[in-house]
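There are 2 protein chains.
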Amino acid sequence: MTDKDPRELQFEESPARPRGIASDIARRGDITRRGLIGAGLGVAASAVPTGRAFSAAETESDSNLPPAVPQWQKEPGAPILTPPYGLPSPHEATVVRRPRAGAKPPTDLATYSLTPLQDLHGVITPNGLHYERHHAGVPDIDPEQHRLIIHGLVDRPMIFTMEDLTRFPSVSRFHFLECSGNSSPNWTAPKPELTVQDIHGLLSCAEWTGVPLATVLAEAGVRPEAKWMLAEGADSAAMTRSIPIEKALDDALLAYSQNGERLRPEQGYPLRLFLPGWEGNTSVKWLRRLKLGAAPFETREETSKYTMVMPDHTIRQFNFVMEAKSVITFPSSGHRLAAPGFCEISGLAWSGAGKVVRVEVSTDDGRSWREAALQEPIMTKCLTRFRAPWRWDGGEAVLASRVTDSSGYVQPSREALLKVRDVRSYYHNNAIQSWRVASSGAVTNAG
Amino acid sequence: MTDKDPRELQFEESPARPRGIASDIARRGDITRRGLIGAGLGVAASAVPTGRAFSAAETESDSNLPPAVPQWQKEPGAPILTPPYGLPSPHEATVVRRPRAGAKPPTDLATYSLTPLQDLHGVITPNGLHYERHHAGVPDIDPEQHRLIIHGLVDRPMIFTMEDLTRFPSVSRFHFLECSGNSSPNWTAPKPELTVQDIHGLLSCAEWTGVPLATVLAEAGVRPEAKWMLAEGADSAAMTRSIPIEKALDDALLAYSQNGERLRPEQGYPLRLFLPGWEGNTSVKWLRRLKLGAAPFETREETSKYTMVMPDHTIRQFNFVMEAKSVITFPSSGHRLAAPGFCEISGLAWSGAGKVVRVEVSTDDGRSWREAALQEPIMTKCLTRFRAPWRWDGGEAVLASRVTDSSGYVQPSREALLKVRDVRSYYHNNAIQSWRVASSGAVTNAG
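In the order they appear, the protein sequences are chains A and B.
Read in order, the letters of the first sequence are residues 19 to 465 in my numbering.
Read in order, the letters of the second sequence are residues 19 to 465 in my numbering.
It is possible that some hints are incorrect.
Repeated chains share a single entry, so a pair holds when one copy, or any two copies, can fit it.
[Said to hold, decoys possible] Listed below are the simulated DSBU-like cross-link pairs for lysine-lysine, each with C-alpha atoms no more than 30 Å apart in a straight line:
#1 Lys92 <-> Lys122
#2 Lys323 <-> Lys92
#3 Lys122 <-> Lys265
FYI, nobody ran anything at the bench for these hints, they're computed from the structure.
The task is simple: from the sequences and hints, build the whole structure.
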């Protein structure tokens, strides 16, 4: 069926033709219809990109088909199994983790890298692009030698090998993970050139598999007076947090797998505590020790760090739950709209308190809002992809999104957040994100 | 909180202690309870691995905790961002794609590689481990130069750039992909040493994002007399299949993303047709041409190949839907059970006809069956992870699973399949898979 006599052809130029597009969107079973109704997207209002038409006369014979048969169809491709563990196309070499533009992490070891949200689709983050946050670099742990210790206020202190832990009954769950410092650039210095990766890239999502922590704690026997649990990592920072026993016995996992395979080294290989919906640092990586106690352990990471400044300048500890947030990832800062017409606004919404139930988008700087379509399945404490059709008229526009979660909480404005915390309190910034679209099509951060 | 005076300690040896385990399994909200009830898993019957207890006296002080502080906690770890696209731990170097053990593909270019299902958890396949099947190697396609042509029985032949296509409204869906030749080794030569990777590794699962094909076809305008669609790949085999128009207008996607990032080269970068639930070769990779016609196009891949031999020795073309199948991935051939006691049986079930509604497991070579727990969310035409607790008594055992899908179809035995197709018809082998556990704990393929 290969074309035998390729030649370049001239194409008819034709205006974009929206025929059928609105009805096709509306009947997609996996997108709720209300988003489209809210959008008022009639056929006439839509200017969908349609490629170019070409003359029917040119298609009478397969051998005359435009475009020319490409070079890669004329010669054999590359053999497979090189490498046996695959990598992305070299054409996608810019889709990588990186530090924040213009920022300098404290050291090479106490640092972070950001997920390129502006280039991703759906909700899964490939493991190679999962954001990183380390306090003393990435230890190289031999899984055969790794141990988990459970002690303190338990009936029977215990020690486990990885083989012990993987023999327990397991569960798999899709959850986001977000650093409590995510989105802080917009709190402290919302520069126009910052991208969604720069601002919100301390956010990723995966299918996590592990043992329910409650199952393993039951083996040790939690004493009634145990109210808190110390979790310690095997990195040289001995990253350590105090966790209320209620969370430990609720949905906490001892996770050893992400997106099907064993944890990546930078995600805690071979074992991490995973606390769905809670700030990332509590999901202690390279987990080696759990100690049950009657009170919080007041570690460095809950006294000096990861605390919040209140409006009266007191300090609030233990800000565990990541509040509901949403962000438009396309179009976003650094993108450029090629031409006026149809544009699908797409983004991510999530809540540490449960499920996303509604996302609204605005294209007029918050003066009006309409409901976006939510991609199913909507899972608890997981990213949800939202989409809303938009017709860009070529003028200036300011785009924003706001999420409502299953607890009824609505994502606030920055002004609303400033009434409940001090301006120096940059953790947990879940304020509404706005992007400015210039008449040139260039998109920048509007804070 | 780092231990300051580490020293090796002696541990008390203790028998496995099942306390709490059954109730903990049963109250996991995301696993249905019926599997556990079916298992008859009482506390007394379970012998769960529990690690080892150690003396409470040794835990009075953090500085005395066993085991010794490991070397990797005493020195800084590796800096991050090397590489900016991450890779698995070197300790997981055996978890890779590879050809079938003992088999030799026809050429380096017309070949395949298999997903290591025995090492994976959950349902997502990391992109680096997604199985491959190529007819002429992997072309290196410049996405800027790639075009999709739609012609034939349409109102207006059209040509699209990748930018045209990604501007269309998109959807994201979790779906399995399976080669129609998957599982054929058990049909033709079920050797005991074959692993689940060897036998069933032409199976993977991802979150796919793309444009509903119906949306794009509506732009070209499908004529009423169009009943079939030819899909052609831009590889040098010009891999070509005929697709009924009903499927093209149902849930077919023009996919450009898998698990969040752009398609991998070996999965059709930059564009593939994706037909949920249908045999993998119909999801044509490197898609460059769709031609609408009144009848099937009778390509090589639907005459010489991918056809089925019936019991009367006639040939059946167009065997599109991948029938319901399930397979236990742990324990499976090549695994070795360390000791008698608790063992979580875990596996994958799927159906091209819809959702998995039930999986039953047998540990006595099919004499009795009990229901496994299904991991939620259960998605259509997607892998579903099932699990069933088992107490291995140290004797010989034969493990098997069988799935029922939402159409009511039940996975058949090999004997049942042989009544409806010829023994030479090795495609679409969805017979029940059995694994033999020897008293040594060694597991082998039982066909």
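For each hint, the structure was consulted:
1. Lys92 <-> Lys122: between (48 Å within a copy, 26 Å between copies)
2. Lys323 <-> Lys92: This pair counts as between: shortest inter-copy Cα distance 22 Å, intra-copy 60 Å.
3. Lys122 <-> Lys265: Cα proximity of Lys122 and Lys265: none, with 35 Å in one copy and 52 Å across.
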